[in-house]
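Protein chains: 6
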Amino acid sequence: MKLLIVNPNISSGVTDLIEAEARRVASSGVQIEMATAASGVAYIETRFEALLGAHAVAAIAGERKGQYDALLIAAFGDPGLHELREVLDVPVVGMTEAALMTAAQLGQRIGIIAISRRITAWYRECVDRYGMLSRLAGIRHLDRPLRDPATVREDHGDYLVELSRRAVEEDGADVLILAGAPLAGLARSVADLLPVPVVDGVSSGVCQAQVLTRLATMRAPSGSFAKPPLKLNVGLSKSLSELLARE
Amino acid sequence: MKLLIVNPNISSGVTDLIEAEARRVASSGVQIEMATAASGVAYIETRFEALLGAHAVAAIAGERKGQYDALLIAAFGDPGLHELREVLDVPVVGMTEAALMTAAQLGQRIGIIAISRRITAWYRECVDRYGMLSRLAGIRHLDRPLRDPATVREDHGDYLVELSRRAVEEDGADVLILAGAPLAGLARSVADLLPVPVVDGVSSGVCQAQVLTRLATMRAPSGSFAKPPLKLNVGLSKSLSELLARE
Amino acid sequence: MKLLIVNPNISSGVTDLIEAEARRVASSGVQIEMATAASGVAYIETRFEALLGAHAVAAIAGERKGQYDALLIAAFGDPGLHELREVLDVPVVGMTEAALMTAAQLGQRIGIIAISRRITAWYRECVDRYGMLSRLAGIRHLDRPLRDPATVREDHGDYLVELSRRAVEEDGADVLILAGAPLAGLARSVADLLPVPVVDGVSSGVCQAQVLTRLATMRAPSGSFAKPPLKLNVGLSKSLSELLARE
Amino acid sequence: MKLLIVNPNISSGVTDLIEAEARRVASSGVQIEMATAASGVAYIETRFEALLGAHAVAAIAGERKGQYDALLIAAFGDPGLHELREVLDVPVVGMTEAALMTAAQLGQRIGIIAISRRITAWYRECVDRYGMLSRLAGIRHLDRPLRDPATVREDHGDYLVELSRRAVEEDGADVLILAGAPLAGLARSVADLLPVPVVDGVSSGVCQAQVLTRLATMRAPSGSFAKPPLKLNVGLSKSLSELLARE
Amino acid sequence: MKLLIVNPNISSGVTDLIEAEARRVASSGVQIEMATAASGVAYIETRFEALLGAHAVAAIAGERKGQYDALLIAAFGDPGLHELREVLDVPVVGMTEAALMTAAQLGQRIGIIAISRRITAWYRECVDRYGMLSRLAGIRHLDRPLRDPATVREDHGDYLVELSRRAVEEDGADVLILAGAPLAGLARSVADLLPVPVVDGVSSGVCQAQVLTRLATMRAPSGSFAKPPLKLNVGLSKSLSELLARE
Amino acid sequence: MKLLIVNPNISSGVTDLIEAEARRVASSGVQIEMATAASGVAYIETRFEALLGAHAVAAIAGERKGQYDALLIAAFGDPGLHELREVLDVPVVGMTEAALMTAAQLGQRIGIIAISRRITAWYRECVDRYGMLSRLAGIRHLDRPLRDPATVREDHGDYLVELSRRAVEEDGADVLILAGAPLAGLARSVADLLPVPVVDGVSSGVCQAQVLTRLATMRAPSGSFAKPPLKLNVGLSKSLSELLARE
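Residue numbers (this note's numbering), protein chains in the order written: chain E, 112 to 358; chain P, 112 to 358; chain F, 112 to 358; chain D, 112 to 358; chain G, 112 to 358; chain V, 112 to 358.
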């Protein structure tokens, strides 16, 4: 199984972090390919930035069409997730959605730890779009920018444990999601300090991509995720128009 | 007041229809400018097509930045609405949202008449995103493609009246929205045959844009629609990167 | 267009405040008529007081029937709004509903600043009745009575800015509503100190009344806001029984 | 215990029906007093008619203040229920609310059989106001006016059984409410033909009034149902202003 | 009327407390029988403990089948309530559900005071299962174990008043439920110190059991609380298999 | 990894069906152990039957404690799922929950095909308990009992396709769940005839159990799924009391 993991941000350093965590968790039969957005911003925190990210992911998805068995969108809020599900013949997985659906099987109320204050509004809307708002205990966030992925445990470990404790005691969380790709390694390394089970988006995403590939039947022709009706289009890049084409 | 109305579809014929209805309803002090998406599809019915439309609207919004006092996105599902609200200093109005907020003041439960079956799932998600699902009586749809905007009353008038009757009697609607730009003229012309008040997106959008321009205070620096934090971006067209720039 | 604005409270001083703000914002073609409740209380804060207010508004609406093109109910919680929509042939606008539908087009989550603690429960129920509870970030309130409308900026300006800041930072509001008629002037005068856009009920109400008058089709005979079925009534004042009569 | 039962409609014939059912179900220690609205309409089906009914009930409640230990509002949609709870020192019960809270203890999803089509929208809003919409299986309604309370079983018995069967099989109801005062006798007389348990508003209301009187502690000074703050009022009838007075 | 009250906990001391409160509130015609779970835990606070309690209640219900006219389950979260409603021919009442449906008639938003922190999550899920989450103002809890039922007013009275005050002022509660069987006496004894009306589960349960017995029609054959379809069963105790048998 | 799959029904024939499907889908490293309820009913369709099933699953879980790395509850409505999550140190998976969380990643609105009419009410409550009611397009059901698992494709294939078509066209489903263990094989064999992707509970459950085992961190001490507080218990079987013990 070939799994294409796309970082909708332009930061190749974060792509490396994602890849490391993905390779650690993937089953032996999974062949991982990485891609980084060719356009967009360093770190998606808002709706507009997510639109840029979705566009960049779609370009990559179209460009490499036919070369992967599943696609994992590896950024907050899953930019382009529902959109690409309409046009691809393979499972499309979002790391936020995957983390939510995984966490939902470990506890009733889910707490989220996010990487910045600004991102929380956008993230809440994502949870709502997936119909999981009633399962959300709350979103708490780091209050300092990440200095360096390599030192994140030293820099943020204590505060993360403190946020987790509050999520459990004050918000009533039974399970936590560490919501940023840059936090991928952190989840594992501090897990034994935390009061409840914790999942992160990258490893959840890789595992759920494997599940969907294992289970999913052939692509079906109806429902609201069927291919868009054929119609005139203009002005699109070759990779985007490829996504609208019928075989 | 300069109102820029952007058709996120590539069809200039529909742009003309929108313009006619917009000019009919706008107050005398409103100067209307029209724009048509340079890329995308003939008619947006799905999430992926809406992503293309949002991107095309953003390109126009950036290109003409500083040349308008309000922006009206004139297609189903308001592609790019929340995204552009983050980056523009002027009111951004969506014709779906404007129609919903207008209709909500004419009756408690809102019925929507859509232009195709495929579009209904995407449209329902829009209503949900605006928090108005509890106000939605239901969505009914035409079952034949629109042959020609000029003959729409002859082609669909009877069926529209029938759909409206069912929306009221079977779904419990108190007010109706005719949800497609191509239906703009139709709403007015058949209004006297319908059992409840009816609004359409184009005229609602123009009127609400005038309200927001009249009322809105200067752009404020906080909340989740403040400008995205300044950060590195690459690979964006000049018009898109313009939207991320600070003055 | 003749717009009848009814203050459901008995306080003519507040009527004057409303009128000043209404005249400031209304388009040139709008002819404003004011009316003050002939019975009821000085300031509506509870459900029972709102029942008194609704009755007083209905009496005025019936008394002046045929003399206005739209009716604006100018008090918290829109007493009589849905009730009068059933019996009047013209648009009926509530300042709370109008403010909510306007604010909803400026941000995703709405914060409300109310004039007293007691009023907040009743106000929350109004937001719920309009189906907008999922859009409500929270309600905060002044903690001292308004001394004098003329000195409100001096008396409450600082605290209002503080409440607004908390609504944004702690509740996640993207847009604010200053919810009391007596605050009408205040919204505009402190807008430049606030962290997000702010609307008030009076100006929203006047603008939305203009929109509905511009758009609304003729009164329709079906749905749950059609005229009540003709039936025996007794003991009603002439103005109320007028509202039940068929032309 | 003195229970004042107020018919918010002006129809004394219906008052008699209510009284008969109330006397049948009340415990021996309950002394029942009946009252009929002095103003309003023959049968409340809409929001505006309910406003008239609420006003009439309030007038009676004030007029007889101090002469009853509990008040039962005996009409659809409980006109004046929340309002009067603020100003009376004794339990106030609504027959709709009482029926819902009783039915909720007999099955998970509640079906309602209403007396006319027009009434269903208003009734649905009541269920929503009580937070019970998720428990509502649906509302079905008789399609012919009630000819005569005395012949209701012959006139409507068969159709009622048919509606009940559909409410269970098509809507998934576990329990039914026969929602109109005029149906009070009917519920009991056809109960053995129905597929699920059935309750009616009058008997539920009488029983719940007894429960609240038995349980309720002395009137408490806080919360949103505390007495409205003392303030100026004008133009109110003696019975209404009595309700605002402090002892 | 014979009312069987089952304590799903194994603590006979609490059974005595429940009995005392039940006898105090029951009407003269009610004959109360008490039973205590033969297996399970000292005090149910979690979902698993509730499963044990539900099983124990079912065993008693089957063992004494035919010997009672109504069954009251007297513990937090009503273990076995919905389950037993399917198999018994008499009303089954839960003290939590009964308290909620009673409290709902005394105020719009309900605050709950629970006996321990751990129990609050499970209790919230119960409120949700009854569809009453929108009515829940919040759950607050004692922070020390109950030393002795006989000294509960001295031990916890002050803190209870403090929790109640916060539930009203900070959470917006209009009415309170004291949620544990051991608190039964307390509610009454401190009622005059509390800011809003207060109900407890035992007395609510006894009263609602009387209401249902008075009102409920004969057991009906359809809906999701009809008897389970007849089918093979094995390995059940005589009392449990009795519950599945048809007469 | 040792996966214990428990059939909460007493039917060993269905256990065989579950096992076949589980072995087909499990990864090579998964060692599957099967168990069948020692007490209970042939096929769980109601709440009371599920209580019996939950008890039987708990007995097996306690009896084999320490002998499995994950537990899969293989029946409708996941009897005992939340309860066992509190007391086991390993992941506990329910086939309904697993199917929902898997399906949620294949489409926005989920249609369920159930095995009998009676089961649908109980199943809807499960979906609600998982917070997924807003994602539920509807539940449709077979109308004839399953004659023989071996001939299910011949017996029900055509009707299943018909139900699926209606779930998509009339209910708006994007993805389907075939909800009964006896249907496990069917899903795969008719998948190519269906209009949208389809998942079944057994294979979803096995895959999700693998995900949770791969991801889950060590058992954490807080939140509402922590071990119940230590307290006195009596009358429990050795296997149940084992579940309450601390190591």
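Treat each hint with caution, since some may be false.
No copy labels: a pair is met if it fits in one copy or bridges any two.
Unchecked claim - Under the rule of at most 20 Å between Cα atoms (straight-line distance), these lysine to aspartate or glutamate pairs were calculated in the EDC-like manner:
(1) 176 <-> 144
(2) 338 <-> 254
(3) 342 <-> 254
(4) 338 <-> 265
Source of the hints: derived by calculation from the structure; they are not laboratory data.
Hint by hint, here is what the structure shows:
no.	hint	result
1	176 <-> 144	within (13 Å within a copy, 39 Å between copies)
2	338 <-> 254	between (42 Å within a copy, 19 Å between copies)
3	342 <-> 254	between (47 Å within a copy, 17 Å between copies)
4	338 <-> 265	neither (47 Å within a copy, 31 Å between copies)
The structure fails to meet hint 4 from the earlier list, while all remaining hints are met.
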